[in-house]
Amino acid sequence: MSLILFIEQMLNGLQFGVMLFLMAAGLTLIFGVMGLINLAHGSLYMIGAFAAAWVAGLTGSFVLALIAALAAAAAAGALVEVVVIRRLYARDHLDQVLATFALILMFSEGTRWVFGSFPLFLEIPPYLSGPVRLPGGIQYPLYRLAIIVAGLIVAAGLFALIARTRIGIQIRAGEADREMIGALGVNIAALYTVVFALGAALAGLAGALIGAIQSVQVGMGEPVLILAFVVIVIGGIGSIKGALVGALLVGLTDTMGRFLLPVAFAQVMAPAAATAVGSALASMAIYILMALVLIFRPRGLYGVA
Amino acid sequence: MIVRTLAMAGALSLAAVGAQAEIKVGMITTLSGGGAGLGIDVRDGFMLALEQSGRTDVTVVIEDDQQKPDIAVQLSDKMIQSEKVDVMTGIIWSNLAMAVVPGAVAQGKFYLSPNAGPSALAGQGCHPNYFNVAWQNDNLHEAAGAYANDAGYKNSFILAPNYPAGQDALTGYKRFFKGDLAGEIYTQLGQTDYAAEIAQIRASGADSVFFFLPGGMGISFLKQYADSGVGLPVVGPAFSFDQGILQAVGDAALGVVNTSQWSKDIDNPANVAFVASFQEKYGRLPSLYASQGFDTANLLLSALEVAEPSDADAFREALRAADFDSTRGDFAFGANHHPIQDIYVREVIKEGDIYTNKIIGVALKDHVDAYVGECKM
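Quick note, the sequences are listed as chains A and B, same order.
Residues 1 to 305 (our numbering) are what the first sequence spells out, left to right.
Residues 1 to 377 (our numbering) are what the second sequence spells out, left to right.
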């Protein structure tokens, strides 16, 4: 195994982690501020991808497609918050899970109704397609580099928003004590809608970015949703920093596990068996990571008691 | 739930045409979620053949298995015990077929598979009441291996998802491919990101890539592979190049060689009529799944002309005769009730704005699956 391959796989893990962060950030923000478990977060990711594919098909512009994805997911998020989610804050988590699961089914079948059952086409824009040569002779797809950069910019922006702006102060205050900031005159209902729309927009952005290199189809959000939950459990529920660290850990563990475990087993057993055992273990790697984190840090890496 | 109700409503309204329904067909297929395109094509092909036959005494009960084995088993129990169907069909995925088919045939039902063909049901697990109208899972991959030899490839990198059909795929390719393997990977079922695998392909020194990644997995892989600049020739079975997904892959698929038992340009009267009527009725080109659904219904109809399912022995003989005009041209069953058929090599081309396939050769002629010898019935 060469060093170049190893570094390329690290980049792949980083890119996967950054994408997971976009999903997990919204999920953890919504849980942290409102105490709500939102299973429909994956549907917002799907809405972003479909909006992007639709607008890209009409206009041919990837930038417009990204804007459409952000707008559509944020609008869907705000609408869902006002119509459905608002009634669930006072209820227990089981009711929330039930209602947001119903939302998944409605969004999936609604999307199928509008766009049909066959996957949509969304293409990498020409100026971002193809591989580039990195120092050291690594060939790496430019688009994946762009995802890494875009994700890190969004992460930095999110930290700045939370730490330095008025709305960030309100969000942090909302996490600490909901009733108190309401008593201090902050419009809680509006704040919740804004936070929900923000989380939704991040999911939509992730969907649009990933849609260009994957398949834009109904149900694409659910596998990512499960990983995003793993990320926020590892990072500590409610913590943006935890979401970032958790996402990078999960991204790297999953990618490197898929790459290294079969190689490692091949040292001690026949190639076919090593492939089978290594692949099986690789698909468990992130859950083993989650279990280990929970044993030593039951509230996650950055969770508060 | 909604889809299931609608599908039921569709089935019932069709049934309502016939005054007294005599033959009841239970179709369990995937109509929601990421794999829905396949089930919808099988259903549409099946219903088209039924409609063209003009028979009003065949009722089809359609249910959505959501691509989940547990749901498929529940639906199967319901169809056998409360709907009392005579014949079952429809399952797309091999893991679902393994969960449903052995139980259904053990209870005396006939099962006609329009897609899944796991090796276990072709060999020791074969059954007199189980007929596969599509292929044994290994077949298209065996043809891909044979094509790779013809194309002069010496060192292939092969990958497939880790589930029964994925294992059958790599086994099938290796059975015919004479060169070396630069690498062999099992991916996760439903995996959408292949960066780690593509990096390994790049580093492996392979001269060709064989992959079996049906549905959305194939779309993701092809787009990412094209963008990675690896550029090695790719061979695959038709499942990643069917009519339903080619438009979503776009230029990344152009020129890719794939193997299939069916193609829309097979020149026989049954196929020409099928392609035209499917396009007219549904407004899209048929996929190989649609052709399999269509052939399954026509096989059933041909047997119903001869015998009733209640007369199991006569009905089984009528099915075995396969006396119908297949869209594939010649069609016959082997001793284990799996097809003996030609498998073609196709290339992805662009016709106007539509991506589709064109036959460029025959990979295997009158091909029989490898498990027929293990089948004792």
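Possibly wrong hints are sitting among the right ones.
Stated by the list, open to error - To give an idea of the chain B side of the interface with chain A (calculated C-beta under 10 Å), a few residues:
1. Leu31
2. Gln52
3. Ser53
4. Gln167
5. Thr187
6. Ala203
7. Met217
8. Asp227
9. Gly229
10. Pro233
11. Gly244
Unchecked claim - Distance windows between CB atoms, simulated:
12. Glu347/B - Pro125/A: 26 to 34 Å
13. Glu51/B - Val63/A: 41 to 49 Å
14. Pro69/B - Leu292/A: 28 to 36 Å
15. Tyr287/A - Gln107/B: 55 to 63 Å
16. Pro269/B - Ala102/A: 45 to 53 Å
17. Gln74/B - Asp92/A: 26 to 34 Å
18. Asp267/B - Val82/A: 55 to 63 Å
19. Lys281/B - Pro271/A: 22 to 30 Å
20. Gly190/B - Ser2/A: 41 to 49 Å
21. Leu292/A - Asp150/B: 49 to 57 Å
22. Val82/A - Glu347/B: 47 to 55 Å
23. Ala332/B - His93/A: 37 to 45 Å
Keep in mind that the hints were calculated from the coordinates and are not lab data.
The model shown is predicted, which means the values in this text are computed figures rather than measured ones.
Ideal placement from N, C-alpha and C gives every residue a C-beta, glycine not left out.
Right, here's what the structure says about each hint:
Hint status for leucine 31/B: holds, given a least beta-carbon distance of 8 Å to chain A, under 10 Å. Taken as an interface hint, glutamine 52/B does not check out: its beta carbon lies about 23 Å from the nearest beta carbon of chain A, beyond 10 Å. The interface hint given for serine 53/B is broken, as the beta carbon of that residue sits about 26 Å from the closest beta carbon of chain A, more than 10 Å. With a cut of 10 Å, the hint placing glutamine 167/B at the interface with chain A holds, because the nearest CB-to-CB distance is about 9 Å.
Using the Cβ-Cβ criterion of 10 Å, the hint placing threonine 187/B at the interface with chain A is satisfied: the shortest such distance is roughly 7 Å. Because the smallest distance between the Cβ of alanine 203/B and any Cβ of chain A comes to about 4 Å, under 10 Å, the interface hint for this residue holds. At about 8 Å, the closest approach between the beta carbon of methionine 217/B and any beta carbon in chain A falls short of 10 Å, and the interface hint on this residue holds. For aspartate 227/B, the suggested interface contact is upheld, since its CB lies about 5 Å from the closest CB of chain A, less than 10 Å.
A least Cβ separation of about 4 Å between glycine 229/B and chain A falls short of the 10 Å threshold, and the interface hint therefore holds. Taking 10 Å as the C-beta cut-off, the interface hint given for proline 233/B is violated, the closest approach to chain A being about 18 Å. The interface hint given for glycine 244/B is met, as the beta carbon of that residue sits about 5 Å from the closest beta carbon of chain A, less than 10 Å. Taking 26 to 34 Å as the suggested C-beta distance range, the pair glutamate 347/B and proline 125/A conforms, at roughly 27 Å.
For glutamate 51/B and valine 63/A, the hinted distance range of 41 to 49 Å is satisfied, since their beta carbons lie about 47 Å from each other. The supplied range of 28 to 36 Å is met by proline 69/B and leucine 292/A, whose beta-carbon atoms lie about 30 Å from each other. Roughly 38 Å separates the CB atoms of tyrosine 287/A and glutamine 107/B, a value that falls outside the hinted 55 to 63 Å. For the pair proline 269/B and alanine 102/A, the supplied restraint of 45 to 53 Å holds, since their beta-carbon distance comes to about 49 Å.
Against the hinted window of 26 to 34 Å, the Cβ-Cβ separation of glutamine 74/B and aspartate 92/A comes to about 29 Å, which satisfies the hint. Look at aspartate 267/B against valine 82/A: about 59 Å separates their beta carbons, and that is inside 55 to 63 Å. With their beta carbons about 49 Å apart, lysine 281/B and proline 271/A fall outside the hinted range of 22 to 30 Å. The given range of 41 to 49 Å is broken by glycine 190/B and serine 2/A, whose C-beta atoms sit roughly 30 Å from each other.
Against the hinted window of 49 to 57 Å, the Cβ-Cβ separation of leucine 292/A and aspartate 150/B comes to about 50 Å, which satisfies the hint. The beta-carbon spacing between valine 82/A and glutamate 347/B, approximately 52 Å, falls within the hinted interval of 47 to 55 Å. Here the CB-CB span from alanine 332/B to histidine 93/A is close to 59 Å, at odds with the stated 37 to 45 Å.
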